[in-house]
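Chemist: Please build the complete structure, drawing on both the sequences and the hints.
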Amino acid sequence: MIGTMPPVRRRGDSHRRSPTGRVAVWACLVLVSAGSRPGPGAGRAVPVKGPPTGTPRAAKPASTEGACRALAAATDRPDARVSDGAATGPVAASLPVAAIRWPRKRWIRHTVVPRETFAGIAARYRVRPASLRRWNPELGDEVRKGEVLRIYTDFVPPPRRPIEVTVAEGDTWWSIACRHGVGSWDLRAMNYRPGGRLRPGETLRIWIDPIAHDFIEREWADPPFGVRPGAHGVGSPDDGRLVCGVQLPERPEYIRKIPGSAYGTTHTVRNLIAAMVEFRRRSGYGGRVYIGAISRPRGGRLGGHKSHRTGRDVDIRLPLKESIPQALEPRPARRVDFRALYHLIRALVDTGEVEVVFLDYPLQRRLAKAAAAAGASEAELAALLQWPRGRKASRGIVRDEPGHDDHIHVRFRCGPGETECYSRTDEGWGRIPEVRRAPGQP
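Start counting the sequence shown at 83; every next residue gets the next number (my numbering).
A couple of the hints might just be wrong.
Unchecked claim - Here are the in silico distance ranges between beta carbons for each label pair:
{"id": "1", "residue 1": "E332", "residue 2": "E404", "range": "15 to 23 Å"}
{"id": "2", "residue 1": "G366", "residue 2": "D223", "range": "50 to 58 Å"}
{"id": "3", "residue 1": "T248", "residue 2": "A456", "range": "53 to 61 Å"}
{"id": "4", "residue 1": "D223", "residue 2": "D320", "range": "44 to 52 Å"}
{"id": "5", "residue 1": "T248", "residue 2": "P444", "range": "57 to 65 Å"}
{"id": "6", "residue 1": "R197", "residue 2": "D320", "range": "17 to 25 Å"}
What the hints assert, rightly or not - Dumping the calculated EDC-like pairs for lysine to aspartate or glutamate here, alpha-carbon to alpha-carbon at most 20 Å:
{"id": "7", "residue 1": "K339", "residue 2": "D482"}
{"id": "8", "residue 1": "K451", "residue 2": "D487"}
{"id": "9", "residue 1": "K339", "residue 2": "E411"}
{"id": "10", "residue 1": "K451", "residue 2": "D482"}
{"id": "11", "residue 1": "K388", "residue 2": "D482"}
{"id": "12", "residue 1": "K474", "residue 2": "E437"}
{"id": "13", "residue 1": "K339", "residue 2": "E404"}
{"id": "14", "residue 1": "K403", "residue 2": "D488"}
{"id": "15", "residue 1": "K388", "residue 2": "E301"}
{"id": "16", "residue 1": "K474", "residue 2": "D487"}
{"id": "17", "residue 1": "K403", "residue 2": "D442"}
{"id": "18", "residue 1": "K474", "residue 2": "D432"}
Hints listed in this document are in silico derivations from the structure and should not be mistaken for laboratory results. Where a beta carbon is used, it is the ideal one built from N, C-alpha and C, also for glycine.
Modeler: Quick look at the structure:
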């Protein structure tokens with residue numbers, strides 16, 4: 083959501099513009115300027131009329147004036163006008179960078195910029211990689227800079243744009259990459275140096291994602307729980323990677339079992355910490371909580387796991403009864419404190435950012451009994467657990483998955499600003515600030 087703010091008057095305007103309208107015009111100007119004559123290698127997203135199937139027909143993009151007038155209709159004031167300037171001042175700085183949501187799908191053209199991939203482009207436009215390949219059969223297995231792709235979508239993010247950064251004393255490839263929301267290997271590829279060494283004072287060229295970069299800029303000075311912004315997932319949890327992973331910090335609420343594999347997205351780590359703090363406060367549980375694998379710093383394949391590749395999957399050992407040695411394994415099930423497990427899962431789910439929790443089906447029955455004793459209603463249990471509908475049921479946040487009888491596997495949602503994050507389960511694409519068109523917009 084974009085939120086609400088007091089309207090502000092811009093120099094030369096005779097009407098006040100709503101925040102939504104200002105973001106709409108900003109997004110319009112970005113897209114239109116990207117659709118006009120670009121600079122060398124610039125990416126763009128240009129509307130192209132055409133049917134949803136078959137070969138797209140090229141058409142002239144909408145004019146700047148027409149596109150901006152249409153987007154101005156998205157404001158909540160009928161007298162809002164289009165200005166050719168950009169928002170300035172503290173109010174403009176508080177507005178999020180947003181994508182555009184069209185009323186219906188249409189064909190657009192996207193020009194590939196350095197280091198883009200089929201999967202990444204597909205995620206940005208909310209389409210499947212297989213569909214993207216089907217629409218562009220003439221392209222090879224990998225896209226190349228400057229190639230033009232045809233895409234049928236109703237979701238258009240602002241295109242990537244290049245910026246120049248001056249290397250400061252003490253900067254590394256990793257620190258510069260994370261500060262601007264790109265992978266360190268991508269940054270190196272954009273700026274090849276013999277030997278790979280950086281020298282203070284030299285200039286690097288970086289193709290940034292405006293939405294991801296905006297989120298980083300907003301939170302860099304005072305990040306929640308001290309967890310820096312910029313760590314984000316690319317692709318799906320079982321076939322993706324983690325960019326600039328952030329390590330789960332040491333805290334009294336839990337114990338990191340594998341620190342080298344305790345890296346996650348900023349969104350995951352922050353919500354995990356918040357849930358653990360709330361769990362301790364709510365339950366009064368005094369036993370140990372071990373947090374196992376999340377991801378490696380750059381994600382990718384993690385030995386012994388099918389997923390855990392994008393920093394959104396977290397393994398948490400089942401809490402043991404406080405009366406037994408905490409170093410024991412949570413097998414057999416009589417060692418598990420199911421009341422504490424209920425409060426743990428409840429605290430995680432109450433963040434509103436958990437997509438699914440995996441737990442062996444037989445243990446869900448014990449969990450349901452303990453939850454009911456703790457005061458959970460039938461409606462709450464029906465929404466929380468797959469049990470008793472059967473291990474194949476597609477209901478409940480807690481789902482059966484073999485091999486999860488000694489720990490729960492928690493999958494967090496894509497975070498705001500993660501434009502290339504995708505999940506194969508219920509929640510789908512990442513959540514991106516967007517401006518929707520008004521009725522009557524073409």
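Chemist: Are the hints correct? Go through all of them and say.
Modeler: Against the structure, the hints come out as follows:
no.	hint	verdict
1	E332 / E404: 15 to 23 Å	holds, 22 Å
2	G366 / D223: 50 to 58 Å	holds, 55 Å
3	T248 / A456: 53 to 61 Å	holds, 57 Å
4	D223 / D320: 44 to 52 Å	violated, 20 Å
5	T248 / P444: 57 to 65 Å	holds, 59 Å
6	R197 / D320: 17 to 25 Å	holds, 22 Å
7	K339 / D482	violated, 24 Å
8	K451 / D487	holds, 17 Å
9	K339 / E411	holds, 13 Å
10	K451 / D482	holds, 17 Å
11	K388 / D482	holds, 15 Å
12	K474 / E437	holds, 17 Å
13	K339 / E404	holds, 19 Å
14	K403 / D488	holds, 14 Å
15	K388 / E301	violated, 32 Å
16	K474 / D487	holds, 17 Å
17	K403 / D442	holds, 19 Å
18	K474 / D432	violated, 24 Å
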